[in-house]
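Starting from the given sequences, assemble the full structure and let the hints guide the process.
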Amino acid sequence: MSVKTLTINDTPVAVEAGATILEAAKQAGITIPTLCHLEGVSDVGACRLCLVEIKGINKLLPACVTEVAEGMEVQTETAKLREYRKMTVELLFSEGNHVCSVCVANGACELQDMAVTVGMDHSRFSYRFPDRPIDISHPSFAIDHNRCILCTRCVRVCAEIEGAHVWDVANRGEKCYVISGLDQPWGEVNACTSCGKCVEACPTGAIFHKGETTGEKTSDPGLLDFLVTARKKQQWIR
Amino acid sequence: MSKTIVIDPITRIEGHAKISLFLDEQGEVSDARFHVVEYRGFEKFCEGRPFTEMAGITARICGICPVSHLLAAAKTGDKILAVQIPPAAVKLRRLMNLAQLTQSHALSFFHLSSPDFLLGWDSDPAKRNIFGLIAANPDLARAGIRLRQFGQTIIELLGARKIHAAWTVPGGVRSPLTPEGRAWIIERLPESFETINLALDLFKNLLDNFQTEVENFGKFPSLFMGLVSPTGEWEHYDGHLRFTDSEGNIVADHLSEDNYQDFIGESVENWSYLKFPYYKPLGYPEGMYRVGPLARINICSGFGTEAADRELQELRDRAGGVPTSSFYYHYARLVEILGCLERIARLMEDPDLLSPRVRAVGGVNNLNAIGVSEAPRGTLFHHYQVDDNGLIEKVNLIIATGNNNLAMNKTITQIAKHYIHGSEITEGMLNRVEAGIRCYDPCLSCSTHAAGQMPLHIQLVSFDGTILQEVYRD
Ligand code: SF4
Ligand code: FES
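First to last, the protein sequences are chains H and B.
Heads up: the first sequence begins at 0 in numbering that gives the first Met the number 0, then just goes up one per residue.
Heads up: the second sequence begins at 0 in numbering that gives the first Met the number 0, then just goes up one per residue.
One or more of the hints may lead you astray.
[What the hints assert, rightly or not] Here are the simulated lysine-lysine pairs, PhoX-like style, with alpha carbons at most 25 Å apart:
hint	chain 1	residue 1	chain 2	residue 2
1	H	209	B	393
2	B	43	H	209
3	H	209	B	78
[Stated by the list, open to error] Derived CB-CB ranges, DEER-like:
hint	chain 1	residue 1	chain 2	residue 2	range
4	B	350	H	25	46 to 52 Å
5	B	86	H	192	33 to 39 Å
6	B	354	H	221	29 to 35 Å
No lab work stands behind these hints, which were simulated from the structure alone.
Built from N, CA and C at the ideal position, the CB exists for glycine as well.
So this is what it looks like as structure tokens:
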């Protein structure tokens, strides 16, 4: 097993070759903020919260999809990064319709927590107030596109863990949204096994248990990593 | 020369409004209008939301009485699910509404209205508020604040927060009362009884000096509407709707909220964002009715609890029958607090309050549903139409304060006619006009589905439209 050595915030770290900077940081006990990363499924680098500075590279790179290299010097907490992270979260808020006070996920939302983490107290960008639908055709679950941040965690968890691949991403830019089946009402998608993994995976209140009211959603993203470990390593540990 | 006086905004009420007083050519008041000048649009932006969110969304209409919306929304939700909710949930919801009535009435009496009674209508407006009251009568002010806190804490014990506790849900409630919560309520009950008895004694002593107010603050015949229990007793959560007249005759009874459109019409005027509901069979505006504490005590046979029934009898004796003066709203509020406390005390003995079976589940089984509850300020209707999946297609809310709109306009006209003559208007006169509105403890945040402070703006406008006098108060 070959090992790469690097520094993160001036702390020397040694990790297995092929690991990502995010994994290396975790091993070194350094927390890098993430939203689209989910333990147990592949990474896509969608949210840009995990951006880090690497000496000698003049653009910021997402830690979740950047492999470590020998002698890399990584910084995760510079003023510039902090500013960008805050801006990213502000943009997420201004892009959708996030009304925490009446959201099912109020108090248990990764986006809300992230706003606190990055110290966002308001958005400097004007809100777009897009007109987005809600689909509550599924007997057990519902998706409110107003609250979706397009992290694609639902897409990956459904395809990679459940193997049903109900979710996908349609369109581009401001018209981009997640679809179920061939852009059918969720309740009509035969492929859906109603396993509920997407509910656990969704970091916001976008996907929730039908009937849940304000602040009632509790999600358990760790459950998914547990399922993966149980399946791959035959270890039922949490 | 005719002119108009505008009071804008009106102070010590919840929300923002203004009053215009129209003077005729002799300088006498010819008409008065209570304008609600805020627009909020809740009915519109609820469209497209899941009905299960309605309690959470509509509770945000108001920070004073969110519980009323929580209840009306949940009751409408129960009907969409077509479920009968568990008995424990009914009792828990009742407990929360009783706590809500107590805290809101305490706020209205101690914080908002008692400065007028105790410090005087003509006292310095800068001190005529809860802080002035604290300086003048610290014990009473403290007791009042603690009584409100009692109600607020019960709400918090049930819903985990004082304001906007999204605890009522279609099908029931989220969680029962804890044994610790019950112990706290039982411990604080005696003090709450003491405070309300003190307030009642105080108010009754003052009442004899307020005969002019009693005669002029909205004393006129009107209908009264509200919920009564199946046996005709005072009710705040379930039961049926009843209309009575000023002589105490039952005009209509056993009405169901489901048919509210058959007996309540909603009219609009181009000078107010607040709708004007009226009793349909009598037409507009003859179908004027009043809701809220005064209406509830007028339509019922009694409270069914000992102390409140005694006080109700005394109130009726003092009024010489059915009280028709809106000044009696204050009195009715105090009697209601007493009745609520007695009911809370009674509920404390009910083991159901701790039952874990508090929520029925169901699908979308009705596409059209109407829920009703008695808010502190009166009867509140929520009406939802949903699609097959439960997304809201249409919402209509009839808010307690809205029900009183016609009566409030009539009240200020009566007060203005009595107190204001000629073009010189003193602050004390204006305060009385405002106080006429305050009798109803209107909640304009709710009624226009608006938030904010209530500074004061009065305009005196001549018959040709020129402003003769303008008074501002921040
Ligand atoms: S629905 Fe939830 S999990 Fe799926 S993309 Fe949107 S925010 Fe991410
Ligand atoms: S966590 Fe790396 S881009 Fe989202």
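Could you work out which of the previously given hints the structure breaks and list their numbers from low to high?
none
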